[in-house]
Amino acid sequence: MTKFDVSRGAARLTRRAFTQAAAGGLFVLGAGRNVASGASATTADSRAELSGTQFDLSIGAMPINVTGAPRIGTVVNGQLPAPLLRWREGDTVTLRVTNRLRSRSSIHWHGMIVPADMDGVPGLSFEGIAPGATYTYRFKVNQSGTYWYHSHSRFQEQTGLYGPIVIEPRDGPRFAAQRDYVVLLSDWTDIDPERIFATLKKQSDYFNFHKRTAGDFADDVKRQGLSQTLADRRMWGQMRMNPTDLADVSGCAYTYLMNGATPNKNWTALFSRGERVRLRFINGSSMTIFDVRIPGLKLTVVAADGQDVEPVTVDEFRISAAETYDVIVEPADDRAYTIFAQSMDRTGYARGTLTPRGGLQAEVPAMDPRALLTMMDMGMAHDMQGMQGMEGMQDTQQTQEMAGMDHGSMPGMSDATSQATPAPAPMDHANMNHPAMNHAAMGHAPAARGSSQPVSSHRPAEYGPSVDSRADQVRTGLDDPGVGLRDNGRRVLTYADLHTIGGPIDAREPGREIELHLTGHMERFIWSFNGEKFSQAQPLRFSHGERLRITLVNDSMMTHPIHLHGMWSELEAPDGSFQVRKHTVNVNPAQRISYAVTADALGRWAYHCHLLYHMEAGMFREVEVKHGGAPAGAHE
Amino acid sequence: MSATLRASLILVCLGVAAAAPAQEENPHAHYMMAPTQPAAPSETHHVPPDPPQHAMRDMSEEEMTGLMEMDDTSAFFMLQANSFEWRSADEQDSLSWDAQAWYGTDDNKLWLKTEGDRTDSATDARTELLWDRPIARWWSAQAGVRHDIGEGPARTWAALGVQGLAPYYFEVEATAYVGEEGRTALRFSGEYALLLTQRLILQPQLEFNVFGKNDPRNLIGAGLSDTELSLRLRYEVRRELAPYIGVAWTQRYGRTADLARAAAHDVSEVQWLAGVRWWF
Chain A
1 MTKFDVSRGA ARLTRRAFTQ AAAGGLFVLG AGRNVASGAS ATTADSRAEL SGTQFDLSIG
61 AMPINVTGAP RIGTVVNGQL PAPLLRWREG DTVTLRVTNR LRSRSSIHWH GMIVPADMDG
121 VPGLSFEGIA PGATYTYRFK VNQSGTYWYH SHSRFQEQTG LYGPIVIEPR DGPRFAAQRD
181 YVVLLSDWTD IDPERIFATL KKQSDYFNFH KRTAGDFADD VKRQGLSQTL ADRRMWGQMR
241 MNPTDLADVS GCAYTYLMNG ATPNKNWTAL FSRGERVRLR FINGSSMTIF DVRIPGLKLT
301 VVAADGQDVE PVTVDEFRIS AAETYDVIVE PADDRAYTIF AQSMDRTGYA RGTLTPRGGL
361 QAEVPAMDPR ALLTMMDMGM AHDMQGMQGM EGMQDTQQTQ EMAGMDHGSM PGMSDATSQA
421 TPAPAPMDHA NMNHPAMNHA AMGHAPAARG SSQPVSSHRP AEYGPSVDSR ADQVRTGLDD
481 PGVGLRDNGR RVLTYADLHT IGGPIDAREP GREIELHLTG HMERFIWSFN GEKFSQAQPL
541 RFSHGERLRI TLVNDSMMTH PIHLHGMWSE LEAPDGSFQV RKHTVNVNPA QRISYAVTAD
601 ALGRWAYHCH LLYHMEAGMF REVEVKHGGA PAGAHE
Chain B
1 MSATLRASLI LVCLGVAAAA PAQEENPHAH YMMAPTQPAA PSETHHVPPD PPQHAMRDMS
61 EEEMTGLMEM DDTSAFFMLQ ANSFEWRSAD EQDSLSWDAQ AWYGTDDNKL WLKTEGDRTD
121 SATDARTELL WDRPIARWWS AQAGVRHDIG EGPARTWAAL GVQGLAPYYF EVEATAYVGE
181 EGRTALRFSG EYALLLTQRL ILQPQLEFNV FGKNDPRNLI GAGLSDTELS LRLRYEVRRE
241 LAPYIGVAWT QRYGRTADLA RAAAHDVSEV QWLAGVRWWF
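As they're listed, the protein sequences go chains A and B. In case it helps, the numbering used here puts the first sequence at residues 1 to 636. In case it helps, the numbering used here puts the second sequence at residues 1 to 280.
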């Protein structure tokens with residue numbers, strides 16, 4: 001057992017130097033371990049990592065300087081990001097978390113299957129940790145892989161309370177690697193998060209400096225002609241939506257960090273030529289979705305959300321807020337490589353370097369062009385035959401993609417009417433002889449990335465003033481890399497590539513289905529499920545032991561990472577078969593996806609969008625699992 | 001998943017494992033399967049969590065959301081001077097403003113709106129206190145009171161209107177008023193933001209007033225009384241702070257025009273203006 005001594009580390013350094021180290025260089029050349037030699041952590045700064053079974057974590061506020069302007073960060077043991085916790089599968093860990101803040105605090109172990117009172121959500125799991133108090137978390141670690149932890153209190157995650165968790169498998173790693181590094185991505189802001197939230201409520205497009213201008217209009221006319229440009233502007237104008245709305249908070253407020261280091265500070269990790277290097281990517285951002293690549297290297301994805309997957313080799317992957325991906329790279333050349341994580345809205349990037357020697361760095365690529373949302377992302381059903389009008393709506397990239405439409409596949413078609421008429425449970429995904437097929441996308445030009453299907457119903461609250469868009473035409477499209485990554489010439493990971501090794505945790509067919517629509521109102525900055533904010537909704541009730549299906553329909557034009565606490569989300573392929581096990585499922589605009597959940601975790605759990613300001617604005621539900629919890633045959 | 005499917009999945013896993021040694025020449029073979037551990041079916045591997053030892057005590061919803069610090073019903077406050085400007089005219093220069101403040105939640109807000117101008121000799125102002133409630137996707141209903149002060153006697157009205165976003169992003173306010181002695185009025189305002197660049201924004205605005213009854217002491221005639229068409233070019237130094245220049249053309253009509261003439265005011269005037277738009 002290694003016990004971390006907080007006081008010793010802190011005493012050696014002045015307070016200022018201490019936090020500066022935490023702000024930037026903390027993980028530099030750190031957090032890696034040489035697995036091959038069997039040595040313990042070879043970190044340059046051992047304060048970055050804690051291991052063993054007993055942990056004392058102290059949440060505090062400290063001055064921090066990320067951008068040149070002094071700010072107060074929320075730290076754990078004086079560190080931002082919080083220290084890496086290294087556990088072993090099978091151990092029972094005890095974490096004594098002391099709150100030295102003036103406000104309540106909490107820590108949630110993201111992706112960990114733990115008893116409800118250990119889950120760390122104030123109001124549901126426990127009462128939070130009062131100022132000055134200590135809460136002792138104790139649970140058995142029955143899983144392995146890459147996870148993370150963060151505060152579940154207000155905006156403390158945004159101000160720095162997030163850190164990595166790496167759990168060694170009991171029987172050794174499935175995929176051997178000589179080096180092992182955590183790459184924790186995050187978004188730092190000098191602006192008080194309360195102010196960001198209030199600003200979004202007052203002017204929701206405040207942080208978008210990429211709206212379409214008169215100049216863009218002129219360019220589009222030159223490229224597409226006047227009539228198509230007008231058709232495009234007419235379409236968006238009628239909807240009163242904005243095709244440039246890719247992120248609510250952008251690089252104008254954020255500095256993107258890699259292991260706490262700004263792009264300039266350049267977090268650096270060492271390798272020797274020919275070694276296999278495991279990179280454990282964690283997106284600990286509050287509001288940022290990253291597109292990650294390492295120019296010159298193929299990325300072999302071996303785990304998603306801590307769960308080993310059949311290895312798949314790609315050039316690039318999108319990592320939504322709260323997701324984790326383990327990637328193995330094999331740098332063959334004796335040179336530096338840039339780890340490049342650009343924000344989905346292309347307003348900034350996090351960057352680090354893999355290098356055989358200190359002091360080297362590689363070229364930092366230019367950010368990709370910023371994409372526009374398309375009618376497909378809006379779930380537009382009307383005028384689909386009139387493809388002429390459509391062309392005007394795409395940027396070049398998306399226009400090409402419309403040409404490559406997949407007329408053949410019919411994913412998810414069989415449950416097209418599951419809402420209109422409560423289908424007998426379990427629903428038969430294999431049965432394609434469903435009446436809905438006749439008028440599903442077949443007769444129309446289907447949208448790209450898998451056929452789309454009409455949405456048969458929306459909830460009453462979705463017709464109210466708190467919801468600004470409803471998708472009429474949705475697609476499952478697990479093979480869609482998402483807006484901004486389509487047809488970019490690189491092999492981009494999609495959910496269709498992910499296959500969890502070992503199959504689902506529960507082979508039963510789901511006994512019922514809960515359909516939830518991801519909804520919101522951009523202009524009013526209201527976010528919700530089924531048009532109802534947390535305060536307006538009743539908890540979802542799961543019956544202990546049941547296997548059920550959650551179907552998410554994203555009616556909004558934003559991408560939402562949806563996180564269910566306490567239970568795995570086992571994503572289904574379009575044919576209903578098991579695809580991948582995740583704790584956070586990213587849902588693209590106008591996407592309809594389903595996952596199975598085994599309600600084997602008694603207690604009250606949080607279920608929410610992991611974009612922090614969406615959650616705070618109401619995109620949150622309580623899930624209650626109890627014996628006989630759900631009314632028989634209940635159909636949400 | 002059917003038992004057959006599950007069995008075949010396990011078979012596939014085992015098959016891959018068995019195939020791995022045969023692929024030793026393949027440099028990527030080590031990815032294919034665990035050397036140490038065959039793929040354990042997740043079903044047996046997964047351990048459900050123990051039930052919680054400490055159930056949450058009963059508490060009110062307020063207490064719960066208080067602990068969560070996640071209040072999606074919280075209130076916000078905004079103060080905005082849509083325009084705050086100096087206007088130069090042949091007759092007399094004036095200070096002119098159009099400002100509003102609101103406080104409230106997603107569902108209910110209290111709005112205070114004030115618009116007016118002040119010259120050396122007089123102040124004209126319309127002030128409204130309104131309750132605002134969203135009624136449709138893009139529209140809020142607003143109801144309350146309006147109080148006008150000017151050269152003539154002050155007037156008070158009951159107000160009922162809508163405010164929102166019309167297609168093509170036109171911001172629209174349309175309000176009907178009922179005053180004392182059977183007076184009625186309608187007011188409409190529409191504006192648009194044309195982005196020349198991300199920060200340089202051209203804002204055309206149209207306003208008009210209709211009155212149901214003559215009010216000669218306030219130089220108001222029944223019918224369409226006046227229109228104002230203005231154009232402002234602002235530069236958003238920050239979103240919250242945008243100096244601008246512009247021009248406004250005011251036209252009075254019908255009896256209102258007659259009354260203006262009689263009082264030696266302009267019936268039609270063009271004013272240059274410069275000001276600052278700001279909010280917080």
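Treat the hints with care, since some could be wrong.
[Stated by the list, open to error] EDC-like cross-link-like pairs, simulated, lysine to aspartate or glutamate; straight-line CA separation at most 16 Å:
| id | chain 1 | residue 1 | chain 2 | residue 2 |
| --- | --- | --- | --- | --- |
| 1 | A | Lys-202 | B | Asp-58 |
| 2 | A | Lys-626 | B | Asp-132 |
| 3 | A | Lys-211 | B | Glu-236 |
| 4 | A | Lys-202 | B | Asp-132 |
| 5 | A | Lys-202 | B | Asp-50 |
Calculated from the structure, these hints are not laboratory results.
Here is how each hint holds up against the structure:
1. A/Lys-202 <-> B/Asp-58: It is violated: about 35 Å lies between the C-alpha atoms, which goes past 16 Å.
2. A/Lys-626 <-> B/Asp-132: violated, 41 Å
3. A/Lys-211 <-> B/Glu-236: holds, 14 Å
4. A/Lys-202 <-> B/Asp-132: At roughly 15 Å apart (the allowed maximum being 16 Å), B/Asp-132 and A/Lys-202 satisfy the hint.
5. A/Lys-202 <-> B/Asp-50: violated, 44 Å
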